[in-house]
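2 protein chains.
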Amino acid sequence: MAVNIYDTANQLEQELRGTKEFKELQAAYTTMQANESAFNLFKEFQEIQMQLSQKQMNGEELTDEEVQKAHDLADKVGNVDEIKTLMGKERGLNQLMNDLNQIITKPVQELYQG
Amino acid sequence: MAVNIYDTANQLEQELRGTKEFKELQAAYTTMQANESAFNLFKEFQEIQMQLSQKQMNGEELTDEEVQKAHDLADKVGNVDEIKTLMGKERGLNQLMNDLNQIITKPVQELYQG
Ligand SMILES: [Ca+2]
Ligand SMILES: [Ca+2]
Numbered sequence: 009m010a011v012n013i014y015d016t017a018n019q020l021e022q023e024l025r026g027t028k029e030f031k032e033l034q035a036a037y038t039t040m041q042a043n044e045s046a047f048n049l050f051k052e053f054q055e056i057q058m059q060l061s062q063k064q065m066n067g068e069e070l071t072d073e074e075v076q077k078a079h080d081l082a083d084k085v086g087n088v089d090e091i092k093t094l095m096g097k098e099r100g101l102n103q104l105m106n107d108l109n110q111i112i113t114k115p116v117q118e119l120y121q122g
Numbered sequence: 009m010a011v012n013i014y015d016t017a018n019q020l021e022q023e024l025r026g027t028k029e030f031k032e033l034q035a036a037y038t039t040m041q042a043n044e045s046a047f048n049l050f051k052e053f054q055e056i057q058m059q060l061s062q063k064q065m066n067g068e069e070l071t072d073e074e075v076q077k078a079h080d081l082a083d084k085v086g087n088v089d090e091i092k093t094l095m096g097k098e099r100g101l102n103q104l105m106n107d108l109n110q111i112i113t114k115p116v117q118e119l120y121q122g
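As given, the protein sequences belong to chains A and B, one line each in that order.
Position one of the first sequence corresponds to residue 9 (the working numbering), numbered consecutively onward.
Position one of the second sequence corresponds to residue 9 (the working numbering), numbered consecutively onward.
The hints are simulated quantities; they were obtained by calculation from the structure and are not laboratory data.
Just so you know, not all the hints are guaranteed correct.
Since the list gives no way to pick one copy over another, a pair counts as held whenever it fits inside one copy or between any two copies.
In silico EDC-like cross-links for lysine to aspartate or glutamate, where the CA-CA straight-line distance does not exceed 16 Å [unchecked claim]:
(1) Lys51 to Glu32
(2) Lys114 to Glu98
(3) Lys114 to Glu21
(4) Lys114 to Glu29
(5) Lys63 to Glu90
(6) Lys97 to Asp83
(7) Lys31 to Glu118
(8) Lys77 to Glu118
(9) Lys92 to Glu73
(10) Lys114 to Asp83
The task is simple: from the sequences and hints, build the whole structure.
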């Protein structure tokens with residue numbers, strides 16, 4: 009390759025750090041982390057989500073108890089301002105990442121549609 | 009932003025088209041597509057895979073019949089040279105895409121590990 013594609017990926021990474029979306033996510037995370045009870049709840053929620061998505065990826069059905077526990081935690085999490093704000097910023101960054109990903113994977117999408 | 013991050017993503021997309029990995033995938037796809045029976049089998053396999061991963065994402069368990077059908081198709085597909093070659097090239101491109109993705113998502117990974 010004439011240009012090293014990894015250099016461009018690293019450039020994109022640096023630029024991502026400078027976006028409004030990333031900076032706001034970073035600020036929201038720091039604020040959330042500074043509140044111990046919010047941070048503990050957030051970590052618990054993350055762990056449950058990881059466990060359940062792991063099970064789903066393995067093709068295992070979730071038990072009613074697991075679904076209930078995830079819903080209960082989601083309710084709790086939705087009542088903590090610091091986490092609500094963080095999740096809003098996650099959605100903002102995800103939107104940006106999806107847009108970028110859409111662009112980057114275009115060659116492959118086109119190939120498989122053709 | 010001083011630099012438009014979308015410009016960089018578009019640059020990455022253009023560079024991706026020029027990589028050995030993408031060009032070889034493209035060539036393998038064209039060869040596979042030119043063989044009608046290989047292409048038909050490939051499309052059938054793709055469709056089944058999409059249906060099953062959709063079910064899994066919905067948290068539904070796969071029936072034994074579905075798992076069997078997917079295995080049978082995978083066996084058939086594994087015996088068609090054009091598709092075997094294509095799949096090898098898919099693995100090559102996936103490796104590259106994963107590497108790039110690892111770089112680009114580093115800021116977010118770091119934030120959530122911190
Ligand atoms: Ca504590
Ligand atoms: Ca036919």
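Tell me the hint numbers this structure goes against, listed in increasing order. 1, 5, 6, 8, 9, 10
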